[in-house]
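Participant: So the protein lines, in turn, are chains A and B. Numbering of the first sequence is given in UniProt numbering, commencing with residue 1 and proceeding in unit increments. Numbering of the second sequence is given in UniProt numbering, commencing with residue 1 and proceeding in unit increments.
The hints are simulated quantities; they were obtained by calculation from the structure and are not laboratory data. Think of the CB as a built atom: it goes at the ideal place given N, C-alpha and C, for glycine as much as any other residue. Among the clues, some could well be false.
Stated by the list, open to error - Computed beta-carbon distance windows for the label pairs:
#1 E32(A) to E192(B): 23 to 31 angstroms
#2 K125(B) to G56(A): 43 to 51 angstroms
#3 E78(B) to Y64(A): 44 to 52 angstroms
#4 H172(A) to S45(B): 49 to 57 angstroms
#5 A190(A) to S144(B): 53 to 61 angstroms
What the hints assert, rightly or not - Once the Cα atoms are required to be at most 25 angstroms apart in a straight line, the calculated SDA-like pairs of lysine to any residue come out as:
#6 K125(A) to G80(A)
#7 K125(A) to K83(B)
#8 K125(A) to E111(B)
#9 K125(B) to R41(B)
#10 K83(B) to E31(B)
#11 K83(A) to K125(B)
#12 K125(B) to P104(A)
#13 K83(A) to H63(A)
Stated by the list, open to error - Which residues of chain A face chain B? A few of them, derived with a C-beta cut under 10 angstroms, are:
#14 V103
#15 P104
#16 I106
#17 L107
#18 R108
#19 L112
#20 E128
#21 P149
#22 A152
#23 A162
#24 G164
#25 S165
2 protein chains.
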Amino acid sequence: MEKRGRGRPKVSSVGTMSEAAVELFLEVGFEEASIDDIAARAGVSRGSFFTYLPGGKADALWHYLEPTIEAVEPKAAESGARKPVRECIEAVVQAVEPWGDSVPQILRDAELMHVEEVLQNTGGKRFEEAAERLAVHIALAEDSLPESPRPATISRAIVGAALGSIRAWMQHASEPAADAVRRGLEPLVAYEAK
Amino acid sequence: MEKRGRGRPKVSSVGTMSEAAVELFLEVGFEEASIDDIAARAGVSRGSFFTYLPGGKADALWHYLEPTIEAVEPKAAESGARKPVRECIEAVVQAVEPWGDSVPQILRDAELMHVEEVLQNTGGKRFEEAAERLAVHIALAEDSLPESPRPATISRAIVGAALGSIRAWMQHASEPAADAVRRGLEPLVAYEAK
Numbered sequence: 001m002e003k004r005g006r007g008r009p010k011v012s013s014v015g016t017m018s019e020a021a022v023e024l025f026l027e028v029g030f031e032e033a034s035i036d037d038i039a040a041r042a043g044v045s046r047g048s049f050f051t052y053l054p055g056g057k058a059d060a061l062w063h064y065l066e067p068t069i070e071a072v073e074p075k076a077a078e079s080g081a082r083k084p085v086r087e088c089i090e091a092v093v094q095a096v097e098p099w100g101d102s103v104p105q106i107l108r109d110a111e112l113m114h115v116e117e118v119l120q121n122t123g124g125k126r127f128e129e130a131a132e133r134l135a136v137h138i139a140l141a142e143d144s145l146p147e148s149p150r151p152a153t154i155s156r157a158i159v160g161a162a163l164g165s166i167r168a169w170m171q172h173a174s175e176p177a178a179d180a181v182r183r184g185l186e187p188l189v190a191y192e193a194k
Numbered sequence: 001m002e003k004r005g006r007g008r009p010k011v012s013s014v015g016t017m018s019e020a021a022v023e024l025f026l027e028v029g030f031e032e033a034s035i036d037d038i039a040a041r042a043g044v045s046r047g048s049f050f051t052y053l054p055g056g057k058a059d060a061l062w063h064y065l066e067p068t069i070e071a072v073e074p075k076a077a078e079s080g081a082r083k084p085v086r087e088c089i090e091a092v093v094q095a096v097e098p099w100g101d102s103v104p105q106i107l108r109d110a111e112l113m114h115v116e117e118v119l120q121n122t123g124g125k126r127f128e129e130a131a132e133r134l135a136v137h138i139a140l141a142e143d144s145l146p147e148s149p150r151p152a153t154i155s156r157a158i159v160g161a162a163l164g165s166i167r168a169w170m171q172h173a174s175e176p177a178a179d180a181v182r183r184g185l186e187p188l189v190a191y192e193a194k
C-alpha cells in the first residue's frame with residue numbers, strides 16, 4: 001500500500017477540489033476564496049491543493065469548461081468530398097451540443113463569482129489549443145501547413161465567432177447552444193475553398 | 001513645484017520604463033528580468049515601477065501593441081450606404097497599416113523574450129475591448145444591441161481572423177501587414193446583412 005503524508009486517505013480528486021473551490025467562489029468571490037479554505041473544504045491539506053489544481057484557483061473553473069474545448073475535434077469527411085471549413089464548424093457545434101439550452105453553471109454564475117476577467121486571462125492558451133486543432137485539420141485538407149495564412153486565419157475566426165455567439169446565447173438561452181452557434185458560424189463557410 | 005520622493009527628478013516615463021524592460025527581456029528573458037533591475041536600468045526607484053507599469057512586466061510589451069489595438073475604430077460610412085461589417089474589416093486593416101511589411105519588434109522577438117504565453121494570457125482583455133468597439137458599430141448600424149447575437153459574433157470573428165492572419169503574416173512578412181489582413185478578413189463580408 002502506498003504511504004501517504006500524515007496517513008490521510010486520498011479522499012479528494014480534481015473534481016471534488018474544483019467543486020469545493022466553486023462553492024467558495026459563489027460564497028465569497030474568487031479573490032477572497034483562499035487556498036487554505038478551499039483545501040479545508042475539500043478535506044485535504046493545503047499542500048495537496050496544487051496537486052489537484054496546479055494552475056491555481058482558475059483551474060477549478062476550467063475543470064468544467066475544458067471538456068467542451070477539448071471536444072472540438074473535427075472529423076475528416078467520410079465521403080471523400082472534403083469540406084474542411086464546414087467540418088470545423090460542425091466540430092464546434094457538436095462540442096456545445098451537450099449544453100442543450102441551459103448555460104453551464106460556471107458561465108451563468110461568472111459575474112456572481114467575479115471570475116469574468118479571470119476567465120478572459122486564463123482562456124487564451126486554451127482557446128489557442130482548440131484553434132490549432134482546427135488549423136491542422138484545414139491544413140491537411142488543403143495540403144498546406146497549419147501556420148499558413150488560410151488555416152491560421154480560418155481557425156481563429158471560427159473560435160472567435162464561437163466565443164461571440166456563446167456569449168450572446170448566454171444572455172437568454174432560449175434555444176439549444178448548438179443552434180445558436182451553428183447560426184453564428186454558418187457565414188464562415190465563405191472561407192471554404194472553391 | 002511638486003515635491004518628489006528623495007528629490008529624484010522625474011527622468012522616466014512609460015516609454016523609457018518599457019524600453020528598459022524590453023531590453024532586459026531580450027537579454028535574460030521575461031521571467032528572469034526582475035523589477036529591481038528594470039527600475040535600475042530606467043534610472044528610477046523600485047517603487048516607481050508600478051507607477052509606470054501598473055499591470056506589471058507585461059505592460060511593457062503592451063505599451064508597444066496597445067496603440068495598434070486602440071486604433072481599431074470603425075468609421076461610419078459617409079455615403080449613408082452603411083456596410084458595418086466591411087467598415088469593421090477596414091478598421092482592422094487600417095490599424096495594422098503603419099506596420100508596413102516589417103513585423104513589430106515585440107512580436108518578432110516574442111520567442112526570444114519568452115513572452116508568447118505572457119502575451120496570450122494578457123491579451124484577452126485588450127482584444128475583447130477592440131471586439132466591443134466593433135460590436136457597438138455593428139449594433140448601431142443594424143439597430144440592435146452590441147450583445148445581440150450578430151454584433152457579438154461578427155466582432156469576435158473579425159478579431160479572431162485578424163489575430164490568425166497577423167500570426168501567419170509574421171512568419172514571412174513578404175507583403176504589407178494590411179494586405180495580408182485584408183485578404184484574411186475579406187470572406188467575413190459574408191456576415192453583411194443582405
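Participant: Give a verdict on every hint.
Facilitator: Status of the hints after comparison with the structure:
| no. | hint | verdict |
| --- | --- | --- |
| 1 | E32(A) to E192(B): 23 to 31 angstroms | violated, 46 angstroms |
| 2 | K125(B) to G56(A): 43 to 51 angstroms | violated, 18 angstroms |
| 3 | E78(B) to Y64(A): 44 to 52 angstroms | holds, 48 angstroms |
| 4 | H172(A) to S45(B): 49 to 57 angstroms | holds, 52 angstroms |
| 5 | A190(A) to S144(B): 53 to 61 angstroms | violated, 22 angstroms |
| 6 | K125(A) to G80(A) | violated, 32 angstroms |
| 7 | K125(A) to K83(B) | violated, 33 angstroms |
| 8 | K125(A) to E111(B) | holds, 15 angstroms |
| 9 | K125(B) to R41(B) | violated, 29 angstroms |
| 10 | K83(B) to E31(B) | violated, 45 angstroms |
| 11 | K83(A) to K125(B) | violated, 33 angstroms |
| 12 | K125(B) to P104(A) | holds, 22 angstroms |
| 13 | K83(A) to H63(A) | violated, 32 angstroms |
| 14 | V103 | violated, 14 angstroms |
| 15 | P104 | violated, 18 angstroms |
| 16 | I106 | violated, 16 angstroms |
| 17 | L107 | violated, 14 angstroms |
| 18 | R108 | violated, 15 angstroms |
| 19 | L112 | violated, 18 angstroms |
| 20 | E128 | holds, 6 angstroms |
| 21 | P149 | holds, 4 angstroms |
| 22 | A152 | holds, 4 angstroms |
| 23 | A162 | holds, 8 angstroms |
| 24 | G164 | holds, 3 angstroms |
| 25 | S165 | holds, 4 angstroms |
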